[in-house]
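S.K.: Here's the letter readout for the chains.
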Amino acid sequence: MAVEAGEKIIDPIHQFVIERLVPLHIGGVDISFTNSALFAVIAIVLASLLFILAPRNLVPTRLQSAAESIYEVVDNMTHEVLHENARTYFPFVLTLFTFILFANVLGLIPYAFTVTSHIVVTLALALVVFIGATIIGFMRNGAGYLKLFVPSGVPALLLPLVILIEIVSYFIRPMSLSIRLFANMMAGHMMLKVTAGFVVMLGLAAGWLPLVAMVGLMGLELLVAVLQAYVFALLTCMYLNDAMHVDH
Amino acid sequence: MDVDAAKMIGAGIAAVALGGAGIGIGTIFGNYLAGALRNPAAAASQRGTLFLGFAFAEATGLIGFAVAMLILFG
Numbered sequence: 001m002a003v004e005a006g007e008k009i010i011d012p013i014h015q016f017v018i019e020r021l022v023p024l025h026i027g028g029v030d031i032s033f034t035n036s037a038l039f040a041v042i043a044i045v046l047a048s049l050l051f052i053l054a055p056r057n058l059v060p061t062r063l064q065s066a067a068e069s070i071y072e073v074v075d076n077m078t079h080e081v082l083h084e085n086a087r088t089y090f091p092f093v094l095t096l097f098t099f100i101l102f103a104n105v106l107g108l109i110p111y112a113f114t115v116t117s118h119i120v121v122t123l124a125l126a127l128v129v130f131i132g133a134t135i136i137g138f139m140r141n142g143a144g145y146l147k148l149f150v151p152s153g154v155p156a157l158l159l160p161l162v163i164l165i166e167i168v169s170y171f172i173r174p175m176s177l178s179i180r181l182f183a184n185m186m187a188g189h190m191m192l193k194v195t196a197g198f199v200v201m202l203g204l205a206a207g208w209l210p211l212v213a214m215v216g217l218m219g220l221e222l223l224v225a226v227l228q229a230y231v232f233a234l235l236t237c238m239y240l241n242d243a244m245h246v247d248h
Numbered sequence: 001m002d003v004d005a006a007k008m009i010g011a012g013i014a015a016v017a018l019g020g021a022g023i024g025i026g027t028i029f030g031n032y033l034a035g036a037l038r039n040p041a042a043a044a045s046q047r048g049t050l051f052l053g054f055a056f057a058e059a060t061g062l063i064g065f066a067v068a069m070l071i072l073f074g
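Protein sequences appear in the order of chains V and E. Anchor point for the first sequence: position 13 equals 13 in the working numbering, and the numbering is continuous, going up by one each time. Anchor point for the second sequence: position 55 equals 55 in the working numbering, and the numbering is continuous, going up by one each time.
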């Protein structure tokens with residue numbers, strides 16, 4: 001999609017290129033410190049600072065309110081989905097939610113790199129959730145975890161087909177979890193880049209029109225960034241609940 | 001037909017999937033509005049489910065967009 005108008009080129013892919021900031025090779029393995037790693041570190045540092053530096057006054061300050069809001073969202077989510085196991089999995093879900101939230105929102109800063117816009121990052125997160133939930137399911141229920149594939153109230157004639165469908169939909173969980181986050185981030189940022197290209201291409205005469213659209217798009221991308229973090233955490237809670245209570 | 005032209009056509013066809021996303025999102029929000037107008041008191045409690053449904057519908061459409069981008073640039 002490299003359209004040339006004068007010398008201006010719309011290149012929505014370049015923002016996703018990984019650049020090695022500090023090349024490091026150990027053995028044959030490339031463990032360079034990339035821009036992706038840099039923004040992941042920034043996300044983690046900012047999230048940690050938020051929760052560490054927030055005061056614990058009776059009347060909350062702004063920073064304390066921000067930290068408490070994030071805590072409260074995840075607290076409500078875990079209590080709603082995992083009733084008695086909420087405290088057990090709360091730290092994990094909070095970490096997941098906060099990291100994805102900060103990584104998504106940091107990517108909205110111009111010239112910043114979106115960590116979660118690469119399938120490998122989101123797949124790693126999704127696989128942690130999927131494999132973790134599977135292991136927890138087998139540890140809690142033994143072989144009874146396989147009853148997950150046999151929903152109750154299914155007529156015996158349809159049972160083989162339903163079991164097959166349930167197995168497929170179980171194994172598609174890490175794929176859908178990772179692709180949902182990755183596609184939302186990648187698509188959003190590509191749309192922003194292309195519209196920005198239009199602003200430059202249309203120049204002073206009509207460039208304000210895509211600029212207005214970009215303001216709206218930026219708001220939408222902020223909503224999507226927060227929402228995708230929320231959805232990822234909510235689905236994690238639901239998968240963990242399935243691992244606990246097999247009769248869903 | 002050379003590869004670049006085929007890529008463009010393929011990406012264009014894959015992007016049609018986003019129409020489904022639009023229909024899905026419109027359906028979800030329309031139903032939420034219809035329900036909220038009938039029972040405004042219960043509307044706030046379902047806002048979480050609303051956004052969850054929006055995220056699912058958006059995700060399916062964006063998978064089509066991701067395929068289009070993969071065809072074009074992958």
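Keep in mind that a hint or two might mislead.
Stated by the list, open to error - Footprint (simulated), chain E over chain V, 3 or more residues, beta carbon under 8 Å: (1) 184-191; (2) 230-238.
Stated by the list, open to error - So these bits of chain E aren't anywhere near chain V, every CB distance computed over 12 Å: (3) TYR32; (4) LEU33; (5) GLU58.
To be verified - Simulated restraints, written as ranges between beta carbons of each label pair: (6) SER48/V / PHE29/E: 35 to 41 Å; (7) ASN39/E / LEU53/V: 25 to 31 Å; (8) ILE18/V / PHE29/E: 35 to 41 Å; (9) GLY19/E / PRO110/V: 26 to 32 Å; (10) VAL168/V / PHE29/E: 28 to 34 Å; (11) ALA41/E / LEU161/V: 56 to 62 Å; (12) ALA213/V / ALA44/E: 29 to 35 Å; (13) GLN46/E / GLY216/V: 21 to 27 Å; (14) VAL45/V / LYS7/E: 36 to 42 Å; (15) PRO40/E / TYR71/V: 26 to 32 Å; (16) ALA41/E / VAL168/V: 38 to 44 Å; (17) LEU202/V / GLY26/E: 26 to 32 Å.
Just so you know, the hints here were simulated from the structure itself, not pulled from any lab data. Note that the coordinates shown come from a computational prediction; the quantities given were computed from them, not determined experimentally. Note that the Cβ used here is the ideal one computed from N, Cα and C, for glycine as well.
S.K.: Evaluate each hint against the coordinates.
M.R.: Here is what the structure says about each hint:
| no. | hint | result |
| --- | --- | --- |
| 1 | 184-191 | holds (count 4) |
| 2 | 230-238 | holds (count 3) |
| 3 | TYR32 | holds, 15 Å |
| 4 | LEU33 | holds, 18 Å |
| 5 | GLU58 | violated, 7 Å |
| 6 | SER48/V / PHE29/E: 35 to 41 Å | holds, 36 Å |
| 7 | ASN39/E / LEU53/V: 25 to 31 Å | violated, 43 Å |
| 8 | ILE18/V / PHE29/E: 35 to 41 Å | holds, 36 Å |
| 9 | GLY19/E / PRO110/V: 26 to 32 Å | holds, 30 Å |
| 10 | VAL168/V / PHE29/E: 28 to 34 Å | holds, 29 Å |
| 11 | ALA41/E / LEU161/V: 56 to 62 Å | violated, 41 Å |
| 12 | ALA213/V / ALA44/E: 29 to 35 Å | holds, 31 Å |
| 13 | GLN46/E / GLY216/V: 21 to 27 Å | holds, 25 Å |
| 14 | VAL45/V / LYS7/E: 36 to 42 Å | holds, 40 Å |
| 15 | PRO40/E / TYR71/V: 26 to 32 Å | holds, 29 Å |
| 16 | ALA41/E / VAL168/V: 38 to 44 Å | holds, 40 Å |
| 17 | LEU202/V / GLY26/E: 26 to 32 Å | holds, 29 Å |
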